[in-house]
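Enquirer: Sequence:
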Amino acid sequence: MRLKAISCQVFTREFEYVLARSPRTVDLDLIPMGLHSLGVEMRPHLQERIDAADPLGYDAILLGYALCGRGTEGLVARRTQLVLPRAHDCIGILMGDRHRYAAYFEGHSGVYYRSPGWVEFQTPDLKLQPAFASQKNALGEQSTLEEFIAKYGEDNGRFLFEQFSSFRSHYSGLTYISTGVASDESCRARARAEAEKQGWAFEEVAGSLSLLERLVNGPWDAADFLVVPPGATIRANFGDSIVEAQ
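Okay, so the sequence shown: first residue is 1 according to this note's numbering, each after it adds one.
By construction, these hints were calculated from the structure, which means they are not laboratory data.
These figures come from a predicted structure and were not determined experimentally.
Check before you lean on any hint, since a few could be wrong.
Label pairs and their computed distance ranges (CB to CB) [unchecked claim]:
1. Gly153 with Arg78: 46 to 52 Å
2. Ala182 with Gly231: 53 to 59 Å
3. Gly231 with Gly110: 38 to 44 Å
4. Ala20 with Ala103: 28 to 34 Å
5. Met1 with Lys197: 43 to 49 Å
Beta carbons are placed, not taken as given, at the ideal position from N, Cα and C, and that holds for glycine.
All chains should be modelled from the sequences, with the hints used to inform the complete structure.
Expert: Written out as structure tokens, the structure is:
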């Protein structure tokens with residue numbers, strides 16, 4: 001089976017681990033993490049990658065994305081089936097199960113999440129990649145104080161920076177999801193240092209590669225994966241299944 005995987009960069013190390021042990025032939029296309037900052041506006045960028053892969057005779061196009069703030073809703077492949085995990089975001093995928101994530105969230109609503117990919121590929125001053133920068137003109141919480149001042153002036157810049165940064169005061173902890181990849185140890189140390197800097201409690205949970213392994217190797221059981229037939233689109237729903245084909 002010949003597959004194409006289009007994935008967020010957050011899963012880079014996990015996909016490398018899984019693909020190195022997979023009997024299947026998978027062409028991996030990694031997209032910079034800055035794309036997730038666009039929300040629903042990430043859709044045309046993903047659709048462009050799908051359109052490029054669609055005519056090439058793959059048996060399936062695998063999406064290393066979840067619903068992602070409805071950023072994957074509306075995606076379609078005309079000739080090839082699409083496959084994606086049933087999850088709201090990458091945290092559910094990294095934990096290996098959306099139900100496990102939901103249960104954890106119930107008792108830890110005020111925490112940030114980090115994983116090897118989140119630590120390694122996103123830094124506090126991350127900018128959108130040039131290909132996406134034109135899609136997000138406003139500065140956001142990942143921008144520096146200096147950038148706000150340069151754009152809006154001293155007083156306004158400081159005020160806006162404080163507003164964008166104030167959300168951090170509502171968090172009390174940082175949870176690191178350990179997935180056992182090569183960079184795990186160094187990324188754990190950096191996540192712990194971030195928690196200490198912010199004055200947050202640090203906790204570590206064991207992640208799981210189960211969803212990514214089954215995304216690559218199958219089976220694509222309906223309980224955990226959506227298989228979208230050629231010509232159908234991904235749609236969000238408000239039930240436990242999260243996504244459906246239409």
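Enquirer: Hint by hint, note whether the structure agrees.
Expert: Hint by hint, here is what the structure shows:
1. Gly153 with Arg78: 46 to 52 Å: 49 Å, holds
2. Ala182 with Gly231: 53 to 59 Å: 40 Å, violated
3. Gly231 with Gly110: 38 to 44 Å: With Cβ atoms ~43 Å apart, the hint holds.
4. Ala20 with Ala103: 28 to 34 Å: Given a distance of about 31 Å, which is inside 28 to 34 Å, the answer is holds.
5. Met1 with Lys197: 43 to 49 Å: For Met1 and Lys197 the Cβ distance comes to about 46 Å; the hint holds.
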